[in-house]
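Throw the hints in and build the complete structure from the sequences for me.
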Amino acid sequence: MSFTSPVFLGFILFFLLVYYLLPRRLQWVVLLAASCVFYISGGIRMIAYLLITTLSTYLAGRLLGWLNEKGAGLSQEDKKLLSGRLRTQKRLTVFFAAFLNFGMLYVLKYWDFTAHALGRLIPGSNLPVLNLAIPLGISFYIFQSIGYVVDVYRDKYQPEKNPFKFALFVSFFPQIIQGPISRFDQLAGQLTALREPNFDSIKYGIQLTMWGYFKKLVIAGRAGVLVDHVFNGGTKYDGSVIAFAVLFYCIQLYCDFSGGIDISRGIAGMFGIDMTINFRRPIFAVSLTDYWRRWHISLGTWMKDYVFYPLALSKPFGRLGKFTRKHIGGTVGKIFPTSLATFIIYFIIGIWHGANFRYIAFGFWNGIIITSSLILTGFYSGVRKRLGISDQSRLLRVFRILRTAFLVFIGRYITRAPRLLTALSMLGATFLNFHPERLFDGTLLTLGLDKGAIITVLAGIVAVIYVELLQERGIEIRKSLEKRSFLVQWLAILVPLTAIILLGILNQEYISAEFIYAQF
Amino acid sequence: MDELLRILSETCPGIDFENEKALIDDGLLDSFDIITIVSEIMDVFSAEISVEDLVPENFNSVQAIWALIEKRRN
Amino acid sequence: MSSKKWIVIFFLSIILIFAMVAGLNILVDPFGVFGDVLMDWYSYNITMNPRVAKIKYLDRHYEEYDSYIIGCSATSSFPVNELNSYYGASFYNMIMYGADMKDVELTVSYMLENYIVKNLILNIYIDNGVYYDQGEDTLTNNLHPKVSGASRLSFYGKYLFLNPRYAISKISSRRRDTYLPQPFDVFDISTGAYDKRARDAEPIGSLDEYIRSYPVFADYPEARIEMSQTDYCIKSVLTIINMCREAGVNLTVVCSPVYKDYMAYFDPAQVADFYTKLAEITPYWDFSMSSVSWEPRYFYDGTHFRNAAGTMALARMFGNDRVYVPEDFGVYVTKENVASYLETLLEVPEITAENYTARVPILMYHHLDYEGNDTTTTTPETFEAHMKALRENGYTAISIEELVSYVDGNGQLPPKPVLITFDDGYLSNYELAFPILEKYNMKATIFIIGSSVGKSFYRDTDYPIIPHFDYEQAREMVDSGLVSIQSHTYDMHRWQPFEKGAARTSILKLEKEDENDYIRVLKEDFLKSSAEICENLGIHVDSLAFPNGQYDILSQAVLTDLGVRVTLSVERGINTVIKGLPQSLYAMKRLNMNESIDTDKLLEALCS
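Chains as they are written, first to last, in the numbering used here: chain A, 1 to 520; chain B, 1 to 74; chain C, 1 to 608.
Wrong hints could be hidden among the right ones.
[What the hints assert, rightly or not] Straight-line alpha carbon distances no greater than 30 Å define the calculated DSS-like cross-link-like pairs of lysine-lysine that follow: (1) Lys601/C / Lys416/C; (2) Lys80/A / Lys71/B; (3) Lys334/A / Lys21/B; (4) Lys479/A / Lys5/C; (5) Lys4/C / Lys483/A.
None of these hints come from the bench; they were simulated from the model.
In structure tokens form, the structure reads like this:
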């Protein structure tokens, strides 16, 4: 059941009614039931993986909780004696939970890639290719559950005792497919709270959902047609056309992903649940680091808390830091270990996107840009000082935003092209074979979208950027709307709703009469 | 305390550490800065700071960081 | 407003928008499923959605018909008016593009139950052995649920919440609607057939020219097609036969012509299997392969034969010997003869172009004068030299009547035919040319401008012009048996320098002129011209020389409508006329004659 299917809307409406009509103490059960229905609708067999993750992390959480209690209850002397052993037991528990879940993820997502890659590297190695279907949202729920296990290990909070409540935390339907990756302490309490219908949050939820559908259906759906058309055509297109398609891909990707998240958060909002944000207007990022703080935030935070910090503060990295400071010295020596950790993080984020060399390349691209910009920070500030440009300069900000957009844009070539080599040759075409006049001679109309659709995409993204600009300036659009007249408020419902219904939902493949009756 | 301020302004020049109370929440320090600062602190003050300590509350102000150092100093 | 109110308004807005979309789709009805109350535009609806829109149309008009011809798109080319006269019935052409035999079976069953059906012609195309029960879920190829028995809820739901672009497109098409069919209204409402007036107004000449216009014939795409559905198709045909027998319907089965390169897609064994199985259950008229299949000019495109070929097929079926039909076109296949027939089916027939095509040069003269020196004037001496040379070189001057009979298959042409024509009707034609024609016994056709007959001054002015002969002089020429008088329009050949506003100097629509006004003017002009000629000279006018040689598809189509068989342009060239193809008489090319052309040049031009 995809977010964009009519059945899904009926599903939401039904469970929303049940949720607010049943006794409050059953509300979390309704959510669990809805989550089960939602997940099973994607294929009953996939639920096995979900159960493995839920059960293993639940048990790991309980075990860790027990070990924590045991540690807290120890007398001062026993602590000295036993803390080492307790720590080993806790570590083993985390290790087993992580190994089981990430191992499962690896086999499902990366096994075939490994088999192929090894087959190419070592001709004799014949690892079997499994062709396993990847369960919906598996990387999201595994990340979320492992985050929970680690948090319990760190004794941040008590583990959940009720396995069904825990299952709801893992499988909460608005987030299970594409995140955001929630934190247990942030989400679980909300899921099981007793709620009176709150019309404000229902309204906000609907508004956010509408905005998500607008981005997903009206903009991303259209843009994707052109993107597919050009990327299926490989390198036969002119550089300018390829660049235009990549621009559309950036639009598509952002609108599709952030739109999906808005729908998730909006639906959760209708149930009175405030889910963590995942995007904070990445269009206005001033650096690639800033971009990754604004794009897919929950993944970035997860990586920071559970990979980057432990890695950077680990003993080997500590030793490495001492070594580089002593032997390299200066800025480079100081930031070298942290840069290395950063690099590893982006490498992992690259692989997280999918099993392919081009995602690895994508990770490298981000890692290289970010670490090199760290090293160049001093140089840049020197240049700025010499040119007399203030750090607060608006022009500088615009320049940085454009520079970041450009770097992201280049990175998108790598993720969208079917193969890494194709990406490179398309990138080459963009720089070596760029004919801007192609953008105006009608070529664009041969890429699967008509004029109206291209204008819709461009107008749509302008609207998105405008809204985000207002948000960036701290204007609360929905709040300020409430103060306007009835007519304005109604139009604010009607216009986007009409756009979504006419340009999104009812936008079945249109065949013009001319096309229906081809040539006879 | 002065030593800490020196480390901080060396790592992230241009931030008013003495008065800023929401270094993390306002996004003035990012994870990269934190790691750089923490490894410096561990070196200079020989404080044992672990991953569990890396929460915003401990890094939002100089006072908070100082309190953390005090707590973890052996 | 409060959040509660906001939520209520939100849901009401959703309902409002969907209601408006549904309202738009019902009122505009782009696929003709709701009755099309606003526009009642069946030619559009049938184009978009033939199966459903035709049923919708017939539900209201079935009393006007008592006979049907049914099948896929090729079925359209059996002309309904000819069926009507052969059968003495009132036919409707139930073609449904892309129809498979399941569609046909269900539709026949529905028609037998609900309409008056005396005669039914079932047309089978080779594709019927390839596709069966496609179960189309598209917007355009659905059967009406009344016919298919499918769920009405999902059927109407689909059209109720259509993409509104379909409705908008229908509205904007309405404004662009024209006299001739456009891509959005390709059907003729009252016959149900494709409206081929535009394609049938295109002049046809040599094979080379035709292939240049329709390159598919030169470069036919290659493919192999499996006839995997033969048995299902035959089963449906049998059901149709049984239904017709029970209902007492006179059923005729025909197999329509297949272009040879298309037939090459199929495995001969599978083709033989298809036709054998068909013959086992019913006798049928087979037109699928013959010399016609080898002549691209009998086809509109790679898979659809022309209405002209349909005319030939019907003439064969009904033994009409006034219509040209190639010897080998059409065989009545039965259980008994099918085996021997199939042996020859895929063999290359003997095709001799001379048997059904002829080269016909047409000479174009205007004024004769002793001092001829412009591009349209000839001296009597030169004209006489031309006539003499033609005679001595074995050319026979023919009349337009002979040309038409040749194309109709009712007469042969002499070995070296030539058509001599004069435009405008100058007095010099009577005074100078006529005596020479008589001397050499040469036939000629003069195209007169109705409004300037007998005139020496430009219409309504005192500007002197070259004098024109009058009807008395014309009658004298006609009475000789050598000269025919035909139309050069009544008054659509004005001369701009003598006019104030924009004058009608040719037969074409004026800029900014309303299309309907133009068609009315053109029709009135031609009818006036032909009525006057008929009244004064007793001649039936069926030819027209285009003023300045200018024409377009619209003017040609209107003239065809008026019964004009031959039109003449001024494009230089020699014509190829083809038996059975009236279009080979359209916008015929001519060789312009004047003083600068000596007999050598003339003879050379005739051979070029």
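Verification of the hints:
{"no.": "1", "hint": "Lys601/C / Lys416/C", "in the structure": "holds, 17 Å"}
{"no.": "2", "hint": "Lys80/A / Lys71/B", "in the structure": "holds, 18 Å"}
{"no.": "3", "hint": "Lys334/A / Lys21/B", "in the structure": "holds, 26 Å"}
{"no.": "4", "hint": "Lys479/A / Lys5/C", "in the structure": "holds, 16 Å"}
{"no.": "5", "hint": "Lys4/C / Lys483/A", "in the structure": "holds, 16 Å"}
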